[in-house]
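**Student:** Here is what each chain is made of, one letter per residue.
There are 2 protein chains.
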Amino acid sequence: MEQLTVIKIGGNIVDNETALDQFLSDFSSIPGRKVLVHGGGKIATRIGQKMGVEANMVNGRRVTDAQTIELVTMVYGGLVNKNIVAKLQALDCDAIGFTGADGNVIRSVKRPVKDVDYGFVGDVEEVDAEFLSTILESGRQPVMAPLTHNKQGQMLNTNADTIASTLAVGLSSKYETQLIYCFELPGVMRDINDEGSVITQINPESYAQLREEGVIVAGMIPKMDNCFDAIGQGVSKVRIAQASDLKSILVDGEQKGTTLQA
Amino acid sequence: MEQLTVIKIGGNIVDNETALDQFLSDFSSIPGRKVLVHGGGKIATRIGQKMGVEANMVNGRRVTDAQTIELVTMVYGGLVNKNIVAKLQALDCDAIGFTGADGNVIRSVKRPVKDVDYGFVGDVEEVDAEFLSTILESGRQPVMAPLTHNKQGQMLNTNADTIASTLAVGLSSKYETQLIYCFELPGVMRDINDEGSVITQINPESYAQLREEGVIVAGMIPKMDNCFDAIGQGVSKVRIAQASDLKSILVDGEQKGTTLQA
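Top line first, the protein sequences correspond to chains A and B. Count along the first sequence from 1, then add 883; that gives the number in the numbering used here. Count along the second sequence from 1, then add 883; that gives the number in the numbering used here.
So that you can see chain A by itself, here it is in the shape it has in the complex (with noise of 0.2 Å):
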């Protein structure tokens, strides 16, 4: 099986200029297959309010009425992705703009209100992992918006991280598929405080057990849990790790950031 590695990036990069290019430079130099999912949280609330639409969080989720999936789909779908892709055509990396309808490649459902209406957001049912590898065999680096539509006409706001590990649960059938999740730390830390305490690999039993030692502990439970189902999926790996540190691991081979393996 050939390999392919999808990279996650959020908003810390996506919305800093100098971080941006030194991502997409490193992003470039990597070799063989891969796709990048980006967010761009940070600039849809900037442009939201110039617009005088205002970000409504809730359980640090944006609630996305009419208004706010108009803006998320002009600032993920036009200027973040398509900012992305042209930056990558300079750096002669022949990137291709996705949201999920764009040849239908993620259809979601609008997410069922329960305690919260979280409006036009959506959770993912179907990836079509045979229309994306026909992409990147042809030498194609696919750049996904964090948007997906439900096949009846409405986009719908998705998570970055969601749609990255879908992607690589879905790529996982035609790929030996790798998922980075870049993250403001180096890896995951026994200590905070300390760049040396990165612990460089994770399976089942040692998460279990960091966990019931309290290294691991509120939000990063629901991300790893997110990460070992991944694995569970036929993702072969997922990696936590610095985007500075990307090329050293993809391109050098260093050991850097947290590996989650079965």
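These aren't lab readings, by the way, just hints derived from the structure by calculation. Among the hints, erroneous ones may be present.
For identical chains, the list gives no copy identity; a pair is met inside one copy or between any two copies.
When the alpha-carbon atoms are kept at most 20 Å apart in a straight line, the in silico EDC-like pairs for lysine to aspartate or glutamate are as follows [said to hold, decoys possible]: (1) LYS1139 to ASP1128; (2) LYS1139 to GLU1067; (3) LYS1034 to ASP909; (4) LYS1034 to ASP975; (5) LYS1034 to ASP904; (6) LYS1130 to GLU1067; (7) LYS1034 to GLU900.
Got chain A sorted already, so can you dock chain B onto it with the hints?
**Tutor:** Only chain B this time, still in chain A's reference frame:
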């Protein structure tokens, strides 16, 4: 050679939800390979006003400063393009959105400054007909926003009529290509007040005569010149027709609108 239809719609359709829905329903019913090119200037102007970005028009063209290229990248590449793609997907038309940057399908050069500095405006240099035909042969329909890039990291605003004719010319090496401009009037008319006066066929000889007679004047002359240029470069015919007549023309084979041929 397989047949291909390239259709361009402008602001009068894109900006009117009822007209757009009707058009997209008609578009989805057209048999065979097809490409849709859209404008979106009116929506850009409206959203620009909300954001405090004023439209600055010179000779009927938008001057694209740094704020404006951000605006149109959001609106054309994000909001309008993804809205159209999602609506087509709901009609079981497997649409995929593009700007010129995506897959480097249209590379342009920033317009040199002469009398007027139009800013971030692109003049098309190269179309990747090979990749677009791969998309078409996969059963998907490209939906093209009026944006290109310079392969140096900069998105550029590009006239939708020009994008449509450039794509039609580029793809005429692979397909017997028909180019259709959707127009606010039922075609080129002898008398603008008489719906029955549509000129059904124009060739280069009758075009010369219609100009001499003063039937085709002013703003229509560069448009018609562009159409005949496209025909001179391999496009088999160009039609100018009302969007609401599209289905009659392409599905029912009726003679409506104006057909330009060599």
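**Student:** When no copy is specified for LYS1139 and ASP1128, does a C-alpha distance of 20 Å or less occur within a copy, between copies, both, or neither?
**Tutor:** Only inside one copy: LYS1139 and ASP1128 sit 7 Å apart there, 62 Å across copies, limit 20 Å.
**Student:** For LYS1034 and ASP904, with the copy left unspecified, which applies at a CA distance of at most 20 Å: within, between, both, or neither?
**Tutor:** For LYS1034 and ASP904, only the inter-copy Cα distance (15 Å) is at most 20 Å; the intra-copy one is 34 Å.
**Student:** How would you classify LYS1034 and ASP909 at a CA-CA limit of 20 Å: within, between, both, or neither?
**Tutor:** Answer is between: at 18 Å across copies they meet the 20 Å cutoff, but 35 Å inside does not.
**Student:** With identical chains treated as interchangeable, where does the CA-CA distance between LYS1130 and GLU1067 reach 20 Å or less: within a copy, between copies, both, or neither?
**Tutor:** Within one copy only: 16 Å inside, 54 Å across.
**Student:** Within a copy, between copies, both or neither: where do LYS1034 and ASP975 come within 20 Å Cα-Cα?
**Tutor:** between (33 Å within a copy, 8 Å between copies)
**Student:** Given identical chains, is LYS1139 near GLU1067, meaning Cα to Cα at most 20 Å, within a copy, between copies, both, or neither?
**Tutor:** within (14 Å within a copy, 60 Å between copies)
**Student:** Could you figure out if LYS1034 and GLU900 sit no more than 20 Å apart (CA to CA) within one copy, between two copies, both or neither?
**Tutor:** between (34 Å within a copy, 18 Å between copies)
Checked against the numbered hints above, the structure violates none of them.
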